[in-house]
Amino acid sequence: MSEAKKRLFQELSDAVVDMDEEKAVTVANEVVALGGDAYQAIEQGLSSGMERAGQLFDEEEYFIPELLMCSDAMYAGMDVLKPHLRLDGVAEKHKVVIGVIEGDTHDIGKNLVKIMLETSGFDVVDLGRDIAPARFVATAKEIGAKIIALSTLMTTTMDGMAAVIRQLDEEGIRDRFKVIVGGGPLSQGFADRIGADGYAVNAADAIRLARSLVGAELGAAA
Amino acid sequence: MSRDQMTPLARLAAYAAGEPIDRLPCVPIVGNTAARVIGVKVGDFRGNGRLIAEAQVAAYRLFNYDIIRIFTDLYTQAEAMGATVHYPEDETAYLAAPALADLSALDRLRPADPLKDGNLPHHLEAMRRAVDAVGSEVAVTGAVTCPFTNASFLVGAENLARLMMKDKAAVHKLCEVSLETSLAYAGAIIDAGCTPSLTDAMSSMSVISPKQFREFSFPYLQRLIGYIHGRGKGATLHICGKTSGIWESMVEAGADCLSLDNDASILEAKHAVGDRVRLMGNVQPSEVMLQGTPAEVRRATLACVAAGHDNPRGFIVASGCSLPTETPFANIHAMLDAVREAGWPVNRKQ
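Taken in sequence, the protein lines are chains A and B.
Basically our numbering = 1-based index in the first sequence + 13.
Basically our numbering = 1-based index in the second sequence + 1294.
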């Protein structure tokens, strides 16, 4: 890779960390003008920036407002680069269905997990908030998702998470999906009790969990 | 287990004066669980101050905790300013849409009139009725959502977070008009014979930085607490999630008691600010109170007592946040019983 491209990728990464939407767009356009590889620019530039931002969040240097601004810069750069992706060269991504369970409209946590999953190379379908359990199952089947990610901040909606798993069981398709849960009132113990495949305490943890779950599955299949 | 020797009011007064008490004050923060005590649906509380009071008084009489808090959800003030709140038939209400779709209507936002707008008059009625029924033996408080958190319900939490980085003046406007509502509501609560109980979920370090807290939340909290002090009342301030980096600021804002979530450590708070404020907390509402057994509740409660009982400015054994609606009664009894078992002075061997 040429030094010029390397520098541009670094600038993309910095634009995300610096929450600089305009710079992300400008540099992404430069990459395109130079005929740079869009996939590499996303992976080594924008995604790397979002990963650094996530690291700063873990270290309590960044908080939710900063992370949201970083993600705005990342998506702005992504919008420029996406039309230039050469699809043939890109491995098919694992699909994730994510949403906030019915009865709750707190979605900042879910949005952060979605952003970080996309950054980490997952193809994420976001159902939004206040979503009935049956819709998670229907969408997961429809798109062939590997992972169903459920979020809630309210204890009143925790039963909805169990309902998703019950429905998967009833339809005899439980083993086709990994179900992961997260949110304020939850714990590993709760995840175990409802038979989820994993619990994540925050967005960074959710990425580690998702990666290990699809990795484990690939390993088992091999 | 022998029942209590003192009324909650007598206990809190003696505790504040450094006189002997029968047990530490204990507050499992009962919100909509009160509906279960009298066998009504949570949705029935909407617009029904009489029923909220009846449920809260019955819950107090059943469990004998030390403070009644009139609370159904965080959105009553925002609703009175134009936010849309969804009321499920039998679950806690939630925000369906913020008051403003975009900032173009910002200048048309008006503070709520607590005597007229939304469900605020019904909550005030609940407070008056609870005071009439049991005010001679127990403190009745009314939950007030603090300005920064209320501002997030006016424009949506994500929008507010972005505005903090892009348009600080707009955030201050939202907090200012929210403060006016909080002040008016706090005043009406005091007029009703109650004490405002401050809750500020979004000011948490789980959401914003300590620096952002200083800039956008602290000034309004300080003015709100200043007003409450001016009316002769103390202020308990609850902030959810992580708070260790803002304890100093919460104290400086004037709070007399910090109510801490289970993401915060009572032991650390005691060492950091316990010489200046009373502490309250922090048995896990979901993991222990909702999902645990009475034996687990007992263990968690005794651990809390051990961490906080010698706080220089006093300690109230409490849940880390409002209890989930379906918290088993046996667990609430177990929390009070553990505090009775610990006694006073606290038996250190437990």
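The set of hints was computed from the structure by calculation and includes no laboratory data.
Hints are not guaranteed to be accurate.
[To be verified] Which stretches of chain A does chain B cover? Using the computed rule of at least three CB atoms under 8 Å from a CB of chain B, they are: (1) 16-27; (2) 87-96.
[Claimed, not checked] Derived SDA-like pairs (lysine to any residue); straight-line CA-CA distance at most 20 Å: (3) B:Lys1505 with A:Asp218; (4) B:Lys1505 with A:Pro198; (5) B:Lys1536 with A:Asp172; (6) B:Lys1460 with A:Glu35; (7) B:Lys1505 with A:Glu74; (8) B:Lys1335 with A:Lys36; (9) B:Lys1536 with A:Phe70; (10) B:Lys1536 with A:Glu73; (11) B:Lys1536 with A:Asn215; (12) B:Lys1536 with A:Val38; (13) B:Lys1536 with A:Glu74; (14) B:Lys1462 with A:Gly173; (15) B:Lys1536 with A:Gly173; (16) B:Lys1462 with A:Asp31; (17) B:Lys1460 with A:Val38; (18) B:Lys1505 with A:Leu69; (19) B:Lys1536 with A:Ser200; (20) B:Lys1505 with A:Val214; (21) B:Lys1460 with A:Asp85; (22) B:Lys1335 with A:Glu35; (23) B:Lys1536 with A:Lys18; (24) B:Lys1536 with A:Asp27; (25) B:Lys1536 with A:Asp218; (26) B:Lys1536 with A:Val214; (27) A:Lys36 with B:Arg1456; (28) B:Lys1462 with A:Asp33; (29) A:Lys36 with B:Lys1536; (30) B:Lys1460 with A:Pro198; (31) B:Lys1536 with A:Glu72; (32) B:Lys1536 with A:Glu35; (33) B:Lys1460 with A:Asp33; (34) B:Lys1462 with A:Glu34; (35) B:Lys1536 with A:Asp33; (36) B:Lys1505 with A:Asp71; (37) B:Lys1460 with A:Gly197; (38) B:Lys1505 with A:Gln68; (39) A:Lys36 with A:Asp71.
Even for Gly, the Cβ is constructed at its ideal location relative to N, Cα and C.
So, going through the hints one by one against the coordinates:
no.	hint	verdict
1	16-27	violated (count 0)
2	87-96	violated (count 0)
3	B:Lys1505 with A:Asp218	violated (25 Å)
4	B:Lys1505 with A:Pro198	violated (26 Å)
5	B:Lys1536 with A:Asp172	violated (26 Å)
6	B:Lys1460 with A:Glu35	holds (13 Å)
7	B:Lys1505 with A:Glu74	holds (11 Å)
8	B:Lys1335 with A:Lys36	violated (53 Å)
9	B:Lys1536 with A:Phe70	holds (13 Å)
10	B:Lys1536 with A:Glu73	holds (11 Å)
11	B:Lys1536 with A:Asn215	holds (13 Å)
12	B:Lys1536 with A:Val38	violated (35 Å)
13	B:Lys1536 with A:Glu74	holds (14 Å)
14	B:Lys1462 with A:Gly173	violated (38 Å)
15	B:Lys1536 with A:Gly173	violated (26 Å)
16	B:Lys1462 with A:Asp31	holds (18 Å)
17	B:Lys1460 with A:Val38	holds (18 Å)
18	B:Lys1505 with A:Leu69	holds (15 Å)
19	B:Lys1536 with A:Ser200	holds (16 Å)
20	B:Lys1505 with A:Val214	violated (24 Å)
21	B:Lys1460 with A:Asp85	holds (12 Å)
22	B:Lys1335 with A:Glu35	violated (51 Å)
23	B:Lys1536 with A:Lys18	violated (41 Å)
24	B:Lys1536 with A:Asp27	violated (28 Å)
25	B:Lys1536 with A:Asp218	holds (17 Å)
26	B:Lys1536 with A:Val214	holds (13 Å)
27	A:Lys36 with B:Arg1456	holds (18 Å)
28	B:Lys1462 with A:Asp33	holds (17 Å)
29	A:Lys36 with B:Lys1536	violated (33 Å)
30	B:Lys1460 with A:Pro198	violated (31 Å)
31	B:Lys1536 with A:Glu72	holds (13 Å)
32	B:Lys1536 with A:Glu35	violated (33 Å)
33	B:Lys1460 with A:Asp33	holds (11 Å)
34	B:Lys1462 with A:Glu34	holds (18 Å)
35	B:Lys1536 with A:Asp33	violated (28 Å)
36	B:Lys1505 with A:Asp71	holds (17 Å)
37	B:Lys1460 with A:Gly197	violated (28 Å)
38	B:Lys1505 with A:Gln68	holds (19 Å)
39	A:Lys36 with A:Asp71	violated (25 Å)
Hint violations for this structure: numbers 1, 2, 3, 4, 5, 8, 12, 14, 15, 20, 22, 23, 24, 29, 30, 32, 35, 37 and 39, all remaining hints satisfied.
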